[in-house]
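First to last, the protein sequences are chains B and V. Take 1 as the starting number for the first sequence in this note's numbering and just add one per residue. Take 554 as the starting number for the second sequence in this note's numbering and just add one per residue.
Accuracy of the hints is not assured; some may be wrong.
Pair by pair, the computed Cβ-Cβ distance ranges are [unchecked claim]:
(1) S584(V) - L417(B): 54 to 60 Å
(2) T692(V) - L464(B): 53 to 59 Å
(3) R529(B) - R693(V): 33 to 39 Å
So these bits of chain B aren't anywhere near chain V, every CB distance computed over 12 Å [stated by the list, open to error]:
(4) I47
(5) T105
(6) L353
(7) Q361
(8) A485
(9) A494
Derived from the structure by calculation, the hints contain no laboratory data. These figures come from a predicted structure and were not determined experimentally. In this text, a Cβ means the ideal position worked out from N, Cα and C, and glycines have one as well.
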Amino acid sequence: MSEPSAAVPAPLAAPRTDLTDGEWHRLHPATPLLRGGIFMVAILGFIVANLRERFIDLFIGEENYGGDPIDEIYQRGATGWALLIIAGVLLVILVAFYLSWRMHTFRVNGEVVEVRSGLVFRSHRKARLDRVQGVNLARPLIPRLFGAARLEITVAGQDGNVQLAYLGSKLADDLRRDILHLASGLRQARQPAAPDAAHIAAQPVPGDITEPPLIGPSAAHFALGDFATARYNEFRAPELDPDAAPPESVVRIPPGRLIGSVVLSGFTVFLLLAGVGLIISVIAGSSGWVLVAVLPGLIGSAGYYFSRITKMLRFSIAGTPDGVRVGYGLLSTSSQTLPPGRIHAIKVSQPILWRRFGWWQVSINTAGQASGRGSGPVMSTTLLPVGTLGDVEKVLQLALPGFDTDAHRALVENGMLGGRKRDAGIADFYSNAPARAVWLRPFSWWRTGWAVSGPVALIRRGVLSRDLILVPLARMQGVRISQGAIRRRLRLAAADLHTVAGPVNASLSVIDVDEALVLFEWMSTGAVRSALADTSHQWSRTATPVPATEATE
Amino acid sequence: MPDRDLPEVNRPAEPIRSVDAEPEPAVVASSARLELADVGEWKRVSPKYVLVEIVGTIVNAVVVCGGASLLWLLLDQTWAMWVGIVVLVLSIINLIFEPRRVRAIGYLLRADDLLFRRGILFQRFVAVPYGRMQLIDITRGPLARWLGLADLKFVTAAATAGVSIPGLAEADAEILRDRLVELAESRRAGL
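Full structure from sequences and hints, please.
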């Protein structure tokens with residue numbers, strides 16, 4: 001039922017799904033129900049709550065109620081009309097769902113992903129595959145229970161996402177793979193090792209679609225058991241496709257560290273301060289209403305901790321041939337694939353509370369921030385919520401391929417931990433701010449510096465919260481140096497590397513004047529050269545020249 | 554364009570200067586300024602743009618001072634008077650430096666990127682590679698239109714606006730736009 005033309009695709013290509021054949025396909029039939037899911041549950045709950053007494057009466061058999069609408073209808077002999085109206089409403093809802101499902105179609109071919117939807121207001125979104133910034137596979141809790149997933153293809157821009165919501169879970173996995181392959185310029189030319197296995201794996205999926213689990217025909221006891229088992233297996237399965245990722249590159253975070261990192265945050269400090277203030281105010285004799293006012297806030301903050309922790313539990317990051325894959329979430333899961341060269345800036349940072357434990361966080365700027373329900377903006381820009389120095393190195397290797405020689409590692413380590421070696425005469429890898437910068441940056445001047453290493457610019461700064469910023473020059477949008485009156489007196493300047501919007505701000509607040517000019521020259525020429533050398537918009541095409549000939553088909 | 558090689562690993566650290574022993578060099582005012590060496594002749598914006606800036610400053614000053622004097626005279630707020638005086642003085646200083654400020658605005662088309670500078674007291678230099686262009690915007694305010702001027706904005710994907718060159722003659726702005734689009738097309742880079 002997925003589509004009559006599903007049999008068309010050429011046997012030469014070996015995609016995992018039949019969905020990338022350039023024809024229009026439909027989504028999971030339960031889509032309208034899942035999209036309006038919470039709303040429906042709420043309505044159902046409302047009805048049940050209202051009819052509760054009636055159910056009790058039905059079983060106990062007493063008839064001493066009166067005055068509710070159902071009685072009215074019954075007594076006036078309008079039962080038939082009422083039933084008819086209910087049936088009519090149900091029918092309209094069903095038809096609306098069916099139509100909206102029928103009209104919601106998508107198409108994937110070698111160039112674009114397109115989605116058409118809407119009954120009255122038609123919308124049509126198109127994403128060019130060579131501009132794909134990331135592919136996000138999200139499974140919010142309720143759809144996940146029903147074995148559905150949402151595939152989000154992110155392109156540049158604030159609201160430039162194409163959503164395929166919802167697809168069968170397995171189907172979504174395979175489609176993601178196919179889309180990434182198409183985007184990489186491979187054109188599905190890679191023959192799978194065991195085509196039979198792929199076929200078998202793909203087989204249950206159309207079945208899943210033809211038998212919408214939610215409508216649940218009564219004859220399907222057996223099928224229901226199967227369905228439950230399948231769901232259970234999916235639920236337990238790790239987020240990462242085990243054969244798609246080399247397992248040794250995966251960073252895993254022990255739950256203890258994760259909880260610790262969430263607890264040791266600025267928010268906790270704020271809470272503690274608020275608590276102290278509260279105690280003082282109570283001791284000072286203010287009335288109890290302060291407590292009443294604060295209590296909801298406390299409960300809310302517990303919820304905040306809980307959601308932060310469950311969101312980041314089961315975090316995983318791995319390198320796949322199609323880019324970095326970041327998965328997270330305990331109840332609602334999300335798995336994001338960032339193709340190579342889509343990371344515009346990286347920040348490795350360490351809040352002061354984490355220093356004792358040697359923990360670091362890695363966040364990134366990307367051109368299309370994944371958005372929408374289920375995947376909070378916090379996670380989509382976090383490449384590593386908390387990790388040790390070794391973890392950071394592994395993550396950086398994934399994020400900046402080719403940036404992993406010993407010299408690079410030393411540079412990164414120095415940027416994270418080091419500072420200007422003032423007296424020792426040891427050459428620091430960074431070009432540092434001069435000592436007179438102490439007037440402007442009394443604590444952090446000795447850590448403020450920059451370096452360029454091949455195609456990557458590095459900025460080191462901050463003492464209370466240590467930061468190391470890496471900007472791939474091929475992605476840099478521009479460079480600015482500026483100087484005001486105070487900096488001029490101190491023979492200093494400020495520099496700023498422009499990147500796309502995000503949590504990382506690549507700026508250097510103090511730098512020697514002559515150094516600033518050198519930086520300007522290096523960054524501006526480096527940006528042009530790196531961009532010329534960059535081929536990551538179709539990342540596999542240059543690596544494997546063979547498929548390029550087949551690409552013409 | 555200087556043909557410097559990007560280093561294999563990183564640039565060698567700056568020679569260790571004995572900064573602590575160095576006397577504060579604030580007196581050497583000439584080299585304390587940011588100045589790009591040998592980049593070529595900066596193109597300046599139209600001198601008529603001074604008028605736009607002057608009118609803008611005056612309008613601003615009149616509005617603020619008018620509001621302040623209303624507060625002062627009608628509501629008897631003495632602080633408003635001081636605010637008004639400060640704004641007035643600043644505006645007058647601004648007006649004096651306006652021609653120099655406009656002369657300090659410059660742009661330069663290098664082989665692969667667009668350079669922009671502005672400011673005397675608060676200097677800044679921006680370099681944006683042509684390939685990063687997303688779009689070019691030409692806007693004309695009412696006064697600028699009367700003077701035959703236009704502002705050109707070079708927009709990149711960055712959060713901060715790329716380069717905005719004010720006060721170009723309209724014909725120049727259009728020629729520059731076409732030139733920049735052409736350059737960007739030949740050096741197009743994916744996002």
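Which numbered conditions among the earlier hints are violated in the structure presented, ordered from lowest to highest? 1, 2, 8, 9
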